[in-house]
Structure formats: structure tokens, C-alpha cells
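The sequence shown lines up with residues 11 to 138 when you count with the numbering used here.
I should point out that these hints are in silico values taken from the structure, not numbers from a laboratory. These numbers come from a predicted model, not from an experiment. Worth double-checking, as some hints may not be accurate.
Unchecked claim - Cross-link-like lysine-lysine pairs, in silico, BS3-like; alpha carbons within 27 angstroms at most:
no., residue 1, residue 2
1, K71, K119
2, K71, K122
3, K106, K119
4, K71, K106
5, K71, K125
6, K106, K125
7, K106, K122
To be verified - Label-pair distances were calculated between CB atoms; the ranges are:
no., residue 1, residue 2, range
8, A107, T13, 20 to 26 angstroms
9, R114, E15, 25 to 31 angstroms
10, P132, L24, 34 to 40 angstroms
11, S116, L24, 20 to 26 angstroms
12, P132, A32, 14 to 20 angstroms
13, P132, A18, 33 to 39 angstroms
14, E88, N19, 22 to 28 angstroms
15, L128, D52, 20 to 26 angstroms
Glycine included, C-beta positions come from ideal geometry on N, C-alpha and C.
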Amino acid sequence: MATPEQIANIIESLHTIPEESASRVPVLLELLVEEGHDRHEDVVFELGLIGDSRAVPAIAKAVNIPFAVLVQWGNLHEFQRKCAYALARIGTSESKAVLEDMARSSDAKIRKYGKEGLSHWPMPFKAR
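Working from the sequences, and respecting the hints, build out all of it.
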């Protein structure tokens, strides 16, 4: 687990990389699975926008982590749903397999979001 100072440095490094650039992916992946910040929803949303398949293992892990800040604020389920949509947007066979695993989860919310993500997989990218 990263220290608060390390988390701050990771977040600060994002400011030097253009938004929605694939070069942000390694930094976003590091941030996604760390406690100690309140940006999990933003991070997974951006990973979905970028659509990089490197994000799939980290999203698969993160969807099952009850991050304290998300639990405290009552946003855990919204985060899990965003994970499903990010996986649908990535649109690879690996992301589909994670959605299928989610759809078989013993957690009713994760199961629901996995099925929802599968209903949108693959989600086409629409440029702004």
C-alpha cells in the first residue's frame, strides 16, 4: 500500500500527461487499486474512455475491493457499475471474460453489474 505522500505524487504526475492519453494508463492503473484517495470512480471512468486492454486485470481486481472511502460515502456500488461499463467499453475477449465472472459473482450487485456490462459489450467508442 502506498503512503499518502506516494499517492499525492501519483496524482500529481497525472497532471503532466494529456487527458485520455494512453500514456496515462500505467499511472491510472497504479492509482486504481490503491486506498488512500477518493478518485477511484474518476480513474475507472477514464480507463473506460481510453479503452486500453492493459486496464482489464486491474479493473477485475478493483471491482472486488471495498475501498473505505467508497463504502463511507455510499458510492461502492456506483464504482462497481463503472467498472462494468469500463470493461464493456474496452471490448476485448479478456474484458468480456471478467464481465462473465462478475455476472456469476456471489455478490448480488456485482452480479447485476456484470450482466449489465455484458448487455453493452462491446460498447462502441464515440469520439467527441
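Against the structure shown, which of the earlier numbered hints fail to hold, in ascending order? 8, 9, 10, 11
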